[in-house]
Amino acid sequence: MDLNTVEAVIRPGMRSELPAWRPGDAWLGGGTWLFSEPQPALHRLVDLAGLGWAPLTVTEAGLTIAATCTIAELNRFTPPAAWTAAGLIGPCCRALLGSFKIWNLATVGGNLCLALPAGPMIALTAALDGTCTLWTPEGDERPLSVLDFVRGPQETALRPGEILRSITLPTAALTRRAASRRISLTPGGRSGAFVIGTRDADGTFALTITAAVRRPVRIAFPRMPDEGDLRAALDEAITDATLFDDIHGAPAWRRHMTGAFALAIRDELAREGVS
Amino acid sequence: MRLTVNGLTQEAAPRPGQCLRTALRDLGWFGVKKGCDAGDCGACTVHLDGAPVHSCLMPAFRAEGRSVTTIEGLSGPCTPGEGVPAECHPMQAAFLAAQGFQCGFCTPGMIMTAAALDGGQRQDLDTALKGNLCRCTGYRAIRDAVAGIAHVDTGAEGDPIGRNLPAPAAAEVVSGRARFTFDTAVEGLLHLKVLRSPHPHARIVSIDRTAALALPGVVAVFTHADVPHRRFSTGRHEDPHDDAADTLILDSIVRFAGQRVAAVVAESEAAAEAGCAALVVTYEIRPALIDPALALSPDAPLVHDGADRPGEDAPPLHTHPNLAAEVHGEVGDVAAGLAQAHHVYEGEFHSQRVQHVHLETHGCLGLIDADGRLSLRSSTQVPFLTRDALCALFDLPRERVRVACARVGGGFGGKQEMLTEDLVAFAVLRLGRPVKWEMTRQEQFIASTTRHPMRVRVRLGATRDGQLTAMALDVLSNTGAYGNHAGGVIHHGCNEVLSAYTCPNKRVDGYAVYTHTLPAGAFRGYGLSQTIFAMESALDELARMAGLDPYALRRRNAVRPGEPMISNSLEPHDVTFGSYGLDQCLSLVEAAMRDPGAAPPGSDWRVGTGMAMAMIDTIPPRGHFAEARLRLEADGRYTAQVGTAEFGNGTTTVHRQLAASALGTDPARVRVVGADTDGVGHDTGAYGSTGTVVGGQAVLNAAQALARAVLVAVAERMGADPSACRLAADRVETPAGPVPLAELGPIEAEGRADGSPRSVAFNVQAFRVAVHPRSGEVRILKSVHAADAGRVINPMQCRGQIEGGIAQALGAALSEEVIVDGAGQVVTQSLRGYPIPACAAVPETEVLFADTHDRIGPLGAKSMSEAPFNPVAAALANAIRDATGARLTATPFRPDRIFAPIMAAIGAA
Chain V
0 MDLNTVEAVI RPGMRSELPA WRPGDAWLGG GTWLFSEPQP ALHRLVDLAG
50 LGWAPLTVTE AGLTIAATCT IAELNRFTPP AAWTAAGLIG PCCRALLGSF
100 KIWNLATVGG NLCLALPAGP MIALTAALDG TCTLWTPEGD ERPLSVLDFV
150 RGPQETALRP GEILRSITLP TAALTRRAAS RRISLTPGGR SGAFVIGTRD
200 ADGTFALTIT AAVRRPVRIA FPRMPDEGDL RAALDEAITD ATLFDDIHGA
250 PAWRRHMTGA FALAIRDELA REGVS
Chain B
0 MRLTVNGLTQ EAAPRPGQCL RTALRDLGWF GVKKGCDAGD CGACTVHLDG
50 APVHSCLMPA FRAEGRSVTT IEGLSGPCTP GEGVPAECHP MQAAFLAAQG
100 FQCGFCTPGM IMTAAALDGG QRQDLDTALK GNLCRCTGYR AIRDAVAGIA
150 HVDTGAEGDP IGRNLPAPAA AEVVSGRARF TFDTAVEGLL HLKVLRSPHP
200 HARIVSIDRT AALALPGVVA VFTHADVPHR RFSTGRHEDP HDDAADTLIL
250 DSIVRFAGQR VAAVVAESEA AAEAGCAALV VTYEIRPALI DPALALSPDA
300 PLVHDGADRP GEDAPPLHTH PNLAAEVHGE VGDVAAGLAQ AHHVYEGEFH
350 SQRVQHVHLE THGCLGLIDA DGRLSLRSST QVPFLTRDAL CALFDLPRER
400 VRVACARVGG GFGGKQEMLT EDLVAFAVLR LGRPVKWEMT RQEQFIASTT
450 RHPMRVRVRL GATRDGQLTA MALDVLSNTG AYGNHAGGVI HHGCNEVLSA
500 YTCPNKRVDG YAVYTHTLPA GAFRGYGLSQ TIFAMESALD ELARMAGLDP
550 YALRRRNAVR PGEPMISNSL EPHDVTFGSY GLDQCLSLVE AAMRDPGAAP
600 PGSDWRVGTG MAMAMIDTIP PRGHFAEARL RLEADGRYTA QVGTAEFGNG
650 TTTVHRQLAA SALGTDPARV RVVGADTDGV GHDTGAYGST GTVVGGQAVL
700 NAAQALARAV LVAVAERMGA DPSACRLAAD RVETPAGPVP LAELGPIEAE
750 GRADGSPRSV AFNVQAFRVA VHPRSGEVRI LKSVHAADAG RVINPMQCRG
800 QIEGGIAQAL GAALSEEVIV DGAGQVVTQS LRGYPIPACA AVPETEVLFA
850 DTHDRIGPLG AKSMSEAPFN PVAAALANAI RDATGARLTA TPFRPDRIFA
900 PIMAAIGAA
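Those protein sequence lines, which keep their order, are chains V and B.
Sequential numbering of the first sequence, starting at 0, is according to numbering that gives the first Met the number 0.
Sequential numbering of the second sequence, starting at 0, is according to numbering that gives the first Met the number 0.
Taking beta-carbon pairs under 8 Å as the criterion, some of the chain V residues facing chain B (in silico): (1) Met0; (2) Leu2; (3) Ala7; (4) Leu96; (5) Phe99; (6) Asn103; (7) Leu104; (8) Ile182; (9) Leu184; (10) Pro186; (11) Gly248.
Please keep in mind that the hints were generated in silico from the structure rather than gathered at the bench.
Beta carbons: idealized from backbone N, C-alpha and C, even for Gly.
Here chain V stands alone, though its shape is the one from the complex (with noise of 0.2 Å):
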């Protein structure tokens, strides 16, 4: 929709010509959700589309996947074949919302910093050991782990005048093994429970929840658990007060499903055995 309160929209070509930050700026990545509702408060965009950041870069480390990165180039990534846990992303990219269409839009960095409990590019990367890197204002980089960088419903770590400039996925976490279930009130619909497990070499487990909770939430063990450590566990970790509520899903059916997706990986990481 058209965005009336703008003003201006300053397209940078680099990072020194980045805008000194000001209340009622937005940073302009796909434009997906900026422009897909009112937005009152903006009078500015700062287009990053001119930064000309590559979208995925492969090294020894990992996956560096830029904030710009839209989702269908993410989507059509060939990994290399040992990062087994690179099949997670054909998963997370169809558990947007969004049609293919916004794919040719919307970017990862845009997905992480809206912070929707839902974003599938969140589960991902935190199901990753994802690091995040920030520009910030003072012309520094600032690390920060996806666990860490998202903090709630619409709620990110980004300092006024930061910028999410990528995420990079650890070698190690790649070469895991992965599963993941999901489920939504409509076939399609926005995730109402969403559970990533992941197991290592060293047999431990891990299990990355989103949707159901307000932030992404990170149960891990050194092997795999029985059914009642499992409960235990996910109970410990999750409250009342972590359980999100909103028209999506309703918290104790997000608690229920989230609960039978964790003990459904379990089942399916145990029963290939530790490699």
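With chain V's structure known, arrange chain B on it following the hints.
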């Protein structure tokens, strides 16, 4: 900036925050539609350098130097305003052949998306089309179009009745040339925006407009102090007294969060928005009544307090001021009927608030025309009644006001209201300049109308073998802050649900109450969907108690020809069995359901089957009028002028077929022009499923009169006996040889219909479902619907109406709810929060027709627009009950609300 659109290089100067959708429309590309304006519906889809994008989400400045293709240019380069191209794109041709549209508002985006799909995506439309919403079709026709399946009857010979002829506007719709309400550029246009109340109940103490008026571009601010102090109802009926006159254009009392507070008119939408933001309003907040169950308690806050209307006539006397309407009646003795019953079932059912979600939002565009008249181009189902209401409101004679529709982008009852025209007319009359007000999608949710939420208590008694001995309904309907349709809906909702069954003892107690929530209004089914959900669910339980299958219970108790149709009184009425196809519908569905349908998704899913039926009077009561004028033009072609609006209901198609049949001509030679108060004298409107049975009857009468007139004229001229002459496509055959029609025109004839007597139509729906025993997910494995529509004028189109009704009802049964919180605020303000069915949510339904011929409707036809909606929720609930043992009593059956009762029922079994 410079960009290329449809091969044409264009200069544009987009505003910094402007999206590509409005920039393209500013350049004259009106095929790019606004459905949600938020990236959910896909109606604005264009290709940007070949890739499909939602242009409402695309910053316009990013299109600089790029190439955009809109629906207009899909088949090749063109310029704005150019007519239908000679050649169309293969996907446009496929949508034509399958008639993959109804109102056509989503169609440009749907086709632009479909045209961009690769082979793999076409195989998985559930995923590929998740960003394209259609409210009319139920997606089957769209899936067929993408798959290249054709349905259109291309033959030109023979009687057009009963054939699958395409919609007259089909080529315009698929090429993006069909002009909807706002698809026009008007010189000097002003824009109107409304400031809405944040409080559910308050008195406006003051409105300071100084800052707003000082803003550049702001032309005027209107408040309650400016408008005529004359009350009306937004609900429109043939008799304006059907609805309480309780609404002012702008009121000093706000009765729901979202009510109009003030209007700002400005040179641009942006300036009007800024003007609204600059208004300073002081409210005196009052206690609000949100829960309808508390409305009639002695200490409830009053929604319409007589103390707020000093000097005015008191509103109609009710037992409680919050009672908007009521219905009471009893035949026989229900208490005795229950006492003698062997099986008694009592249950309480809840139907939630749902929104129409026609993709074209409410709105209109008004101006003073060349003759000095007030002229409105509006998105309405009732142009004539709106004209009359404006005349009453502003003391204008009918000839000084014109209301006309362009193509209307869906209605579903929502546009049987005057929601924008009063304010736009006021602004036009005050300012003398053209004014446009196009509601946002958010306004649709917080401040238009919805279905009436209802609590329905049912009591049923039956003999040991399942013969009904008593039926009683106790209904509480929440009409919200205003009484538009409160009475009509409670009466209709308590009528056919009972008259569909023969039972000696029946009773109704119905109450429609005011609350401080957004107003409910007319909605497809008009009260019946809520009561039928309750009744048909209760009858399912009764059948189980009596050990009868649900079809047998209906056969034993449903009303049959020869029996009186009685709801809750013995007052005479004009409803009669013009035909009867319920028996066929039951048998057709029962037989078709023997096929198991799709397999359940997993071995642990529970599978069950359920059905429900519905009866509906074919026409609303107490008169529904239509006039038609048919003219043989000087060129030998025909023009039919009708009052009815085309909003995807397909009446234009039917009217053309009826006229062509009576005139013995090719339907392509008949042009239908509708929905213009200048066109005919009067038309009650396109509601109550009357497009075929009333509007069509008028057309048929006019066409038959014209046929006689033409034959008389030709006979006189040729010295022949009229009975020896015969109309053919483009000529009249006479004993003395053929006479071309072009030599006979112009000749004109009129026809009328008054909507009485009325007949009944029937619908039977059955589902087989799989229910996940822990998640509460429901999958439909098989869906069958039989309809008794009389003689079906256009089976392809009637099938589409039924499929669309089922799809909309599935949304209401499974996912949709306008949620109003305890503070009276609407929580669901976008399509993202209010999930209407996407392609993936709508299974294919096998649609079957009873073979009947109505002696009342035109050429044997009956209505079939609202009715298919009505049995769906109960059929689904009954199937879930069969699968799991859980009797669900409140829609929607969202997984998060039903998983617990389902697990409990399965655990208990």
